[in-house]
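**Student:** Spelled out, the chains give:
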Amino acid sequence: MEPYIFGCRLEQDIIDLDKTVDHLQHALNFTAHIAYRKGIILFVSRSRQFSHLIGKTAKDCGEYAHTRYWQGGLLTNSNIQYGVGVRLPDLIIFFHTLNNVFEQHTAVRDAAKMNIPTVGIVDTNCNPSLISFPIPGNDDTPSAVELYCRLFKMSVIRGKDKRKQAELLYGL
Amino acid sequence: MAGSRLEKIGTVFTRVQNLLRAGVIKESEKPIWFDVYAAFPPQREPVYQKQRKYQVKIADPIPEIFYREDKIRAQFYAVYGNGPRAFELNRPNFISVCQRFVEKYQELEKLGDTDEDRLFEETGKALLAEGIILRKKGISGQAQQHSSQVTEGIDPILQMKLKDMLKEMQEEQHPVDNPPESSESHQKTPATE
Numbered sequence: 001m002e003p004y005i006f007g008c009r010l011e012q013d014i015i016d017l018d019k020t021v022d023h024l025q026h027a028l029n030f031t032a033h034i035a036y037r038k039g040i041i042l043f044v045s046r047s048r049q050f051s052h053l054i055g056k057t058a059k060d061c062g063e064y065a066h067t068r069y070w071q072g073g074l075l076t077n078s079n080i081q082y083g084v085g086v087r088l089p090d091l092i093i094f095f096h097t098l099n100n101v102f103e104q105h106t107a108v109r110d111a112a113k114m115n116i117p118t119v120g121i122v123d124t125n126c127n128p129s130l131i132s133f134p135i136p137g138n139d140d141t142p143s144a145v146e147l148y149c150r151l152f153k154m155s156v157i158r159g160k161d162k163r164k165q166a167e168l169l170y171g172l
Numbered sequence: 173m174a175g176s177r178l179e180k181i182g183t184v185f186t187r188v189q190n191l192l193r194a195g196v197i198k199e200s201e202k203p204i205w206f207d208v209y210a211a212f213p214p215q216r217e218p219v220y221q222k223q224r225k226y227q228v229k230i231a232d233p234i235p236e237i238f239y240r241e242d243k244i245r246a247q248f249y250a251v252y253g254n255g256p257r258a259f260e261l262n263r264p265n266f267i268s269v270c271q272r273f274v275e276k277y278q279e280l281e282k283l284g285d286t287d288e289d290r291l292f293e294e295t296g297k298a299l300l301a302e303g304i305i306l307r308k309k310g311i312s313g314q315a316q317q318h319s320s321q322v323t324e325g326i327d328p329i330l331q332m333k334l335k336d337m338l339k340e341m342q343e344e345q346h347p348v349d350n351p352p353e354s355s356e357s358h359q360k361t362p363a364t365e
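These protein sequence lines map, in sequence, to chains A and B. Each step along the first sequence adds one to the number in my numbering, with nothing skipped, and position 151 is 151. Convert by adding 172 to the 1-based position in the second sequence; the result is the number in my numbering.
Bound-form chain A, shown alone (with noise of 0.2 Å):
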């Protein structure tokens, strides 16, 4: 995380904002995409603060949320959790990249497993290394977490209207 943090006030790390908007803004346009190619984006966390907000955010958006407990096999072994031929997320989104033990969420590893990209936000005791799409920020006020929630749900909103749009149009 050393590359996205400002500096140390008084041992508070201070992220750096600028490129959180950078990267924030490249994520949300990723995020646009998927939706406008009719993608199933998962939202994901394992914070109990804010699973019922997340929860709803994805069902407000029409897509997906996952904020329990995260079987291991869920991605890996969906064929047989599942059944055969289940169609996999074709985006993963973190909401909280670590799971209640302060560990790094089996799903960020798993999603790089099965190939798909993942866009995070990433706190400053979180590795972003494998995230797709990192975004420097906070996720531990519920102030923060409203805010990306919103965002998140205002994207795929309009990649979706866009789409529609785009079909009544050219009849795709």
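Read the hints as simulated data drawn from the structure, not as lab findings. Being a predicted model, the structure only gives us computed values, none of them experimental. The reader is advised that the hints may include incorrect statements.
[Claimed, not checked] Straight line, CA to CA, 20 Å or less: simulated PhoX-like cross-link-like pairs of lysine-lysine:
no., chain 1, residue 1, chain 2, residue 2
1, A, K38, B, K202
2, A, K113, B, K222
3, B, K180, A, K113
4, A, K113, B, K333
Since the structure of chain A is provided, determine the placement of chain B on it from the hints.
**Tutor:** Frame of chain A, contents of chain B only:
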């Protein structure tokens, strides 16, 4: 669908690109995100990097953030403790006593003073003139009354009021000669008059 589960080698994109090139994945089975990723690649390639548990000496560690005002703030908190007024965090543009002290200090410094101790005292006096009472921390009740620089806090005045009240009660109950009084009750302050 064929895949490559080697998350520690290369990135998601390079692996899928190579599978496509080799013909393992057909063009029709190309993942949805592939073209988007190719058009808008991330700033950093998401190659796996192991986090070192025990930090080895890094050439460029995270810089500490310190300001020139921190020196003045440190002095303020050492002498006056937390300050008379608490921080109001619900107001966004709240200026604390310490911040006003710092601003006054810098104003006086600009006027030409350079001696730190004198500047400190001058700022204290200037704030007193504006109505902010600063109480030096760690000084007992007796010593406080002898110091002329600092105005007395609330507590000694309350103590005096209580003592006067007790004395009046005693006089009412037992009309005897009063015992030798301490110096505290002789002092007359505007509050008790």
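**Student:** Against each hint, give a clear statement of whether it holds in the structure.
**Tutor:** Evaluation of the provided hints:
1. A/K38 <-> B/K202: holds, 14 Å
2. A/K113 <-> B/K222: Since the Cα atoms of A/K113 and B/K222 sit roughly 16 Å apart, the hinted pair holds (cutoff 20 Å).
3. B/K180 <-> A/K113: holds, 9 Å
4. A/K113 <-> B/K333: The hint is violated at about 77 Å.
Of the hints listed earlier, the one the structure fails to meet is number 4.
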